[in-house]
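Q: Going down the list, the protein sequences come from chains E and S. Per my numbering, the first sequence starts with residue 1, numbered consecutively. Per my numbering, the second sequence starts with residue 1001, numbered consecutively.
Do not rely on the hints blindly, as some may be mistaken.
[Claimed, not checked] Heads up, simulated DSBU-like pairs for lysine-lysine below, C-alpha to C-alpha not over 35 Å straight-line: (1) E:LYS239 / E:LYS63; (2) E:LYS334 / S:LYS1301; (3) E:LYS301 / S:LYS1301; (4) E:LYS136 / E:LYS484; (5) S:LYS1334 / E:LYS334; (6) E:LYS334 / E:LYS258; (7) E:LYS17 / E:LYS136; (8) E:LYS136 / E:LYS299; (9) E:LYS467 / E:LYS258.
Treat the hints as calculated values from the structure; they're not laboratory data.
There are 2 protein chains.
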Amino acid sequence: MVLNSLGRQIPEIFAGKKQIPYSDPWSLQPNAERSTRAIRRINHNGSKLLGSLREAIIATGLKDGMTISTHHSLRNGDHLLNDLVKEIDALGLRDIKIASSSIHIVHAELIPYIRKGTITGLECGVNGLIGELISKGELDCPIIVRSHGGRARALITGEVPVDVAFLAAPCCDEYGNFNGYYGPSACGSLGYAMVDAQHAHKVVAVTDNLVPYPAIPVGIPQTVVDFVVQVPTLGDPKKIVSSTTRVTTDPIGLQIAKYAANVIECSGLMKNGFSFQTGTGGISLSVAEHVRNMMRKDKIKGSFGCGGITGYFVEMLEEGLFEALFDVQCFDLKAVESIGRNRGHQEITAGTYANPFNCGAVVNRLDCVIISATEIDVDFNVNVNTESNGYLLHNTGGHCDVAAGAKLSIVVAPSIRGRLPIVRDAVTTITTPGETVGVIVTERGIAVNDKFPDLKAELIKRRVPVKDIRELRDEIYAITGVPKPLQFEDKIVGLVEYRDGSIIDVIRQVAA
Amino acid sequence: MVLNSLGRQIPEIFAGKKQIPYSDPWSLQPNAERSTRAIRRINHNGSKLLGSLREAIIATGLKDGMTISTHHSLRNGDHLLNDLVKEIDALGLRDIKIASSSIHIVHAELIPYIRKGTITGLECGVNGLIGELISKGELDCPIIVRSHGGRARALITGEVPVDVAFLAAPCCDEYGNFNGYYGPSACGSLGYAMVDAQHAHKVVAVTDNLVPYPAIPVGIPQTVVDFVVQVPTLGDPKKIVSSTTRVTTDPIGLQIAKYAANVIECSGLMKNGFSFQTGTGGISLSVAEHVRNMMRKDKIKGSFGCGGITGYFVEMLEEGLFEALFDVQCFDLKAVESIGRNRGHQEITAGTYANPFNCGAVVNRLDCVIISATEIDVDFNVNVNTESNGYLLHNTGGHCDVAAGAKLSIVVAPSIRGRLPIVRDAVTTITTPGETVGVIVTERGIAVNDKFPDLKAELIKRRVPVKDIRELRDEIYAITGVPKPLQFEDKIVGLVEYRDGSIIDVIRQVAA
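Looking at chain E on its own, in the form it has when it is part of the complex:
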């Protein structure tokens, strides 16, 4: 075990691989060439269609011990990964690793296949029950949680070699061109899948909407697709879009959003060329509403919005408040409908969005981002992976990527959740280092990182309730009491990888 710079104990070896302890957000240099793959030659002009997922698994030559991937743009509506693992199991394959871009609650169906050894490793974060069971030691399956940018990096450097990518293809032709814009499973951007399409050793497009050649516009081209499989359905379209896409009506949320808007106003960033990202939560959308109003009022012409795109951002694009939307993932149907129509609505790969190891990702150009937290510590470190019960319940998403990239990252969170303090001495798990976090906004006040003295002064001048983060913690502890330390076993069940590939924290088994 070695200590990383944030004081977390990191194993030198995990899941058979040497691990690098996290040092800082910036200095780790890539020590790799871009991953390569065997070049194939297809002379024929005929269909690449195979009759079933099973046939495709056989055709790709998938073997015991190999790694597969899917993309998560269908989110909780995705059936493909479940169907795929069932077929892999039926074929008697074992010891398969999953390196999907994310695993959702719907994928709890994989649990029996983890128990029986069909699946023996997760090279990706999870949302929901699988993470909980792993945390409890009830599922034995080493897990490495990666951010969106970190996952792109790991595929591009070859650190995670994906043997076969099975990519949900909402609008696909028989020769393998596909896009996410049209069809019953339309998900809009295929930003995550694009990385796999370029870097997996074999690529299968799986579609429930086979269209005449060519599927236009071509998001992922025929030249990288080995096989096409038609299935009755890729999933449940109603669950493809995110649920929380409405502005909050909760008074605490509204207060937080208002303070966050004050922070943006005081930051000096709100001027022509402004760029901005929020997630989908009700508070984030409420901040976006404030931002829209500020931009309208001051006639600000923004540069771009990015990340997972919602209808809110589409409206801002159409209103001319932004020149462009960089879209790695559409969060709602309005975004899906826009990406097929608005020229400024630009589909980007997860690598272009957030990979730290290239000539500069889009997150580098962000002025301001609104991010969330399950816990925040007094050094501004943020946890989004585990809850205060120690269970791994959430994927990182782009959290640490945008925090590192943006000029100002603003964490919005209620001070107390389920009677537990959100600001505390130490977070259960560090997802995002405090060095990349600018401001913590709660309904009880705002804590500003010492890296932003001017912003702090301006907020104080405008009588926004700025508090020292320790003061904020004490105020919250006075209500909730000091949280009892969680009891963990020694066993490390997972790692949280920082975007550069170093290990920022571990997930330990929670004591029974």
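Let chain E serve as the given structure and place chain S on it in line with the hints.
A: Chain S in isolation, oriented as in the chain E frame:
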């Protein structure tokens, strides 16, 4: 020296590299992994702008013996390659190879720099004087002529490692996103440049139209661009578009076009889903005109048009005759204007267009293509590189790529040009093997490859003047006389590479 399957003597080593003799169009299998390159990390969010081409050359670390590239989408209007070589020379660099996607007449300015050893090799075909001087032995500069698909293959496999690509960027932001759609040097598709952007070891975007971040739509992304350089002009916009973009009015040309249309009519290919490519010559455009009328008359709903795109194809797209245009290169301003506006007008890379070594290029899906010839032999082999004087005057373009890919390739050419017979016993240089050529159309009659007996029968049935190719040759020789064999020196000054990387022919020094 070894004989290839077409009876041409091929050197085993040329320009220091082992060469593979051509065997057939289909069987050579890739023996390579996709080329890789060092991964870089750029944390900053600032400008990548450098002050001049010279600064950029220095910043990229270009050294003696290295290889540079540019793209040819500005065609004869391009000033960048000339300016670049002048700066490289001024910096005292020597022994630089050029691996641009094509070299045009305007680049005769490079001749002094070849003479003095600044440039010592051409890993690309040339149009014009440079080729003539090389053919005459007056310029000592080994040249390897590649097709568009073959060049993409050579960069993707790493066979031609481009150290630095200097890419003309008609609409570019300071962080390196660019497209070809807008600005004084707008050229539309950046299909050739996209290959270099992915595979060159360093990438410089050179622009005369710096726009606020982000340059939308993003054709080539910031993530692959190391530096951006602003120059007063990339070239002469008037010469960016091709000259011959009008239907022929010459009676011989009109007759050829009519026969070619007869061939298409008799081929059985003209039905829903029809896909088609022509070049820009007056005869080709006249064939396109016939095709358009046939499609209208029979209410044919075509699939796609591809290749270099002209306004003709744009009109057919807008009329609904094609679902899509696959555009690797815009040939006129109407195409440039369309690609920024028509959703079905799809920009594709040269690799997607024609690389034989991937999961299937667009050319594989072509039904019918109209191609040209400087000479044709009685085995249907076609020359487009040299003229009958033996001078290397033309690049291959996509000639052998589309011939291999399309179900039916139709060569259109006058039977006699400048008193010389076009159909002859042997061509000076084999660009495209006869095995991939379906029909030869001249104003004196049509020769059909034995591979298409049904087509031949149908043409005869419809009283189209089908002739045996030897009969056609004799008829032409009766007018022109039998051409005197050209006298060559032993010295091989260049190679003609087939699309798969094997050597289909050599260019020998013409005897003085």
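Q: Now look at each hint and say whether the structure bears it out.
A: Now for the hints, and whether the structure bears them out:
{"no.": "1", "hint": "E:LYS239 / E:LYS63", "in the structure": "holds (32 Å)"}
{"no.": "2", "hint": "E:LYS334 / S:LYS1301", "in the structure": "holds (31 Å)"}
{"no.": "3", "hint": "E:LYS301 / S:LYS1301", "in the structure": "violated (43 Å)"}
{"no.": "4", "hint": "E:LYS136 / E:LYS484", "in the structure": "holds (18 Å)"}
{"no.": "5", "hint": "S:LYS1334 / E:LYS334", "in the structure": "holds (32 Å)"}
{"no.": "6", "hint": "E:LYS334 / E:LYS258", "in the structure": "holds (25 Å)"}
{"no.": "7", "hint": "E:LYS17 / E:LYS136", "in the structure": "holds (23 Å)"}
{"no.": "8", "hint": "E:LYS136 / E:LYS299", "in the structure": "violated (53 Å)"}
{"no.": "9", "hint": "E:LYS467 / E:LYS258", "in the structure": "holds (16 Å)"}
When each numbered hint is compared with the structure, violations occur for hints 3 and 8.
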